[in-house]
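There are 2 protein chains.
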Amino acid sequence: MSYKGINLREKFGLFGDQWAPKVIAEMNDYQFKIVRLEGDFIWHDHKDTDETFIVIEGELRIDFRDGAVHLSAGEMFVVPRGVEHKPYAENEVKVLLIEPRGVVNTGDAGGNLTAKNDAWI
Amino acid sequence: MSYKGINLREKFGLFGDQWAPKVIAEMNDYQFKIVRLEGDFIWHDHKDTDETFIVIEGELRIDFRDGAVHLSAGEMFVVPRGVEHKPYAENEVKVLLIEPRGVVNTGDAGGNLTAKNDAWI
Numbered sequence: 001m002s003y004k005g006i007n008l009r010e011k012f013g014l015f016g017d018q019w020a021p022k023v024i025a026e027m028n029d030y031q032f033k034i035v036r037l038e039g040d041f042i043w044h045d046h047k048d049t050d051e052t053f054i055v056i057e058g059e060l061r062i063d064f065r066d067g068a069v070h071l072s073a074g075e076m077f078v079v080p081r082g083v084e085h086k087p088y089a090e091n092e093v094k095v096l097l098i099e100p101r102g103v104v105n106t107g108d109a110g111g112n113l114t115a116k117n118d119a120w121i
Numbered sequence: 001m002s003y004k005g006i007n008l009r010e011k012f013g014l015f016g017d018q019w020a021p022k023v024i025a026e027m028n029d030y031q032f033k034i035v036r037l038e039g040d041f042i043w044h045d046h047k048d049t050d051e052t053f054i055v056i057e058g059e060l061r062i063d064f065r066d067g068a069v070h071l072s073a074g075e076m077f078v079v080p081r082g083v084e085h086k087p088y089a090e091n092e093v094k095v096l097l098i099e100p101r102g103v104v105n106t107g108d109a110g111g112n113l114t115a116k117n118d119a120w121i
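Taken in sequence, the protein lines are chains A and B. Heads up: the first sequence begins at 1 in our numbering, then just goes up one per residue. Heads up: the second sequence begins at 1 in our numbering, then just goes up one per residue.
Simulated from the structure, these hints should not be mistaken for lab results. Treat the hints with care, as some may be off.
Where chains are identical, the list cannot tell them apart; a pair therefore holds if satisfied intra-copy or between any two copies.
[What the hints assert, rightly or not] DMTMM-like mimics (lysine to aspartate or glutamate), calculated; alpha carbons at most 25 Å apart, straight line:
no.: 1; residue 1: K4; residue 2: E57
no.: 2; residue 1: K11; residue 2: E59
no.: 3; residue 1: K11; residue 2: D63
no.: 4; residue 1: K47; residue 2: E26
Predicted, not measured: the structure shown is a model, and the values here were computed from it.
With the hints as constraints, model all of the structure from the sequences given.
Structural data, given as structure tokens:
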């Protein structure tokens, strides 16, 4: 039997909407989600879990209340649970997110940038 | 305050030994480990957890009892818990592994390829 890997570039080619994470794989109760980000997100946190960002293409800044981290392609950062953060990208950036199933992109903050959860692609 | 991302290429530059995963980050009780693989590993499984492989550079084949998956850079695969597998690389491949803290590289199979667990870099 021939199994097929998950090609990140191919998966990104299947959608164009921004700030709308798409699930591409699961590992136990965690999900791998890809997302296109551009501009400013909102301040939020995730009370119950860390959240991992891996930049696949482009540049991402994650603002914290006391600073920021700048990530390029091939770089990652784990935002600790409960830490307020705000992603920002001057130009569109392609990101792989890893977090437990059920995590909402805006945390408890809500608002119109809240994306549909568990959208597979 | 300025935070620093984790650069995969830089981290791979810090070691040269093969089949010896190095932890570079944690997310909750999961670990991100980078590893250089070349040649044949042993058949093993992980009874209690899925295991994620993301190829960073090179080509990886993962053999299963009923087939195989071929992964290139930018491709990933989640090996389900309990499924016997054997990684193989004709030439050295750089891989990012994601799995719960405490998972041993050879599963229950043991042997002289069993690597030190929880080795950070």
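* Homo-oligomer pair classification [D63, K11; C-alpha up to 25 Å] -> Between copies only: 24 Å across, 27 Å inside.
* Taking 25 Å as the upper bound on the Cα-Cα distance, should K11 and E59 be classified as within, between, both, or neither? -> For K11 and E59, both the intra-copy (19 Å) and inter-copy (19 Å) Cα distances are at most 25 Å.
* Asked: With identical chains treated as interchangeable, where does the CA-CA distance between K4 and E57 reach 25 Å or less: within a copy, between copies, both, or neither?
  -> both (23 Å within a copy, 18 Å between copies)
* If the cutoff is 25 Å on CA atoms, where do K47 and E26 land: within, between, both or neither? Let me know, please. => Intra 21 Å, inter 17 Å, cutoff 25 Å: intra and inter.
Checked against the numbered hints listed earlier, the structure breaks none of them; every hint is satisfied.
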